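Chemist: Sequence:
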Amino acid sequence: MSTPVPVAPSGSAPSHPPARLGRGTVLRVFLRSLFLQASWNPKGMQNLGLAYAVYPALERLYPPGPLREAAVRRHLVFFNTHPYVAAAIVGGVVNHEQKIARGEETPDRVVSFKAALMGPLAALGDGFFWLSLKPAVGGLCAAMVPLLGVWAVALFLVLYNLVHLLLRIRLYWLGLSLGDRLVEAVARVNLPAKGARLRGVAAASAGGLAAWLAVSFGATAGGTWAVFLSVGCLAVGVLAYVAVSRRVPTYLVLYAAAGLACAAGAFL
101 MSTPVPVAPS GSAPSHPPAR LGRGTVLRVF LRSLFLQASW NPKGMQNLGL AYAVYPALER
161 LYPPGPLREA AVRRHLVFFN THPYVAAAIV GGVVNHEQKI ARGEETPDRV VSFKAALMGP
221 LAALGDGFFW LSLKPAVGGL CAAMVPLLGV WAVALFLVLY NLVHLLLRIR LYWLGLSLGD
281 RLVEAVARVN LPAKGARLRG VAAASAGGLA AWLAVSFGAT AGGTWAVFLS VGCLAVGVLA
341 YVAVSRRVPT YLVLYAAAGL ACAAGAFL
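First residue of the sequence shown: 101, per this note's numbering; consecutive thereafter.
No wet-lab data here; the hints were simulated from the structure.
Bear in mind the structure is a predicted one, so any value in this text is a computation, not a measurement.
Mixed in with the good hints, there may be bad ones.
Cβ-Cβ distance ranges computed for the label pairs, FRET-style [stated by the list, open to error]:
1) Val250 <-> Asp280: 43 to 49 Å
2) Val342 <-> Glu204: 54 to 60 Å
3) Asn141 <-> Val289: 27 to 33 Å
4) Glu204 <-> Val250: 52 to 58 Å
Built from N, CA and C at the ideal position, the CB exists for glycine as well.
The task is simple: from the sequences and hints, build the whole structure.
Modeler: Right under this line is the structure:
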């Protein structure tokens, strides 16, 4: 009598050694992650996009049948995070799936990994990309309009996409190579501190653009004194920033602004 061949139950590691993921597969997963929100839906949010992104890896790691189906199903649960930093989770998912396929951990580890990181990384991505990077690049390019004209739009697209794509690649590689240690690596990147510096760039760029507009338009509308009043407005803005940062009472700043307004009314 021949001995029956054992069949691995659904969701467990396969009985044969899993295929190694080549560079082509790793690249395909990353490129697919760029379309994470193409199939966004109210029920699962980005779950279909995540399953689509990691499927080339699952296809290599699991043979057709129950094991592959179980692997796909565990990535069809609710998933939602910032679409840019999601690259880190996508890389981490591939890292965990390789360990699951080798029998080094159970499938619940990858589910817990996604659930634990998607919320904190969403907040991190919102703060850096939406509230820091986009205003900074937008303000800088808007300030360049007097020099570049309509080409400032092209500059914005190049700078913004260059930064966000490079960060996506780095985060994806961190997740792919580190797995659970991704958290420590992202903490070392220190995106909040970089975001604070970018917000400073945004404020400075907006102030520079305001200065140019005030001087160029004010000179023709308000005569000789308009240039000096524009410089005075900028000086009050700088002093207000310094005063607030040093906890000077706000009413003093308001008095200074009111004085400048009175001067403007007297000379214009």
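Chemist: Of the numbered hints stated previously, which ones are contradicted by the structure, given in increasing order?
Modeler: none
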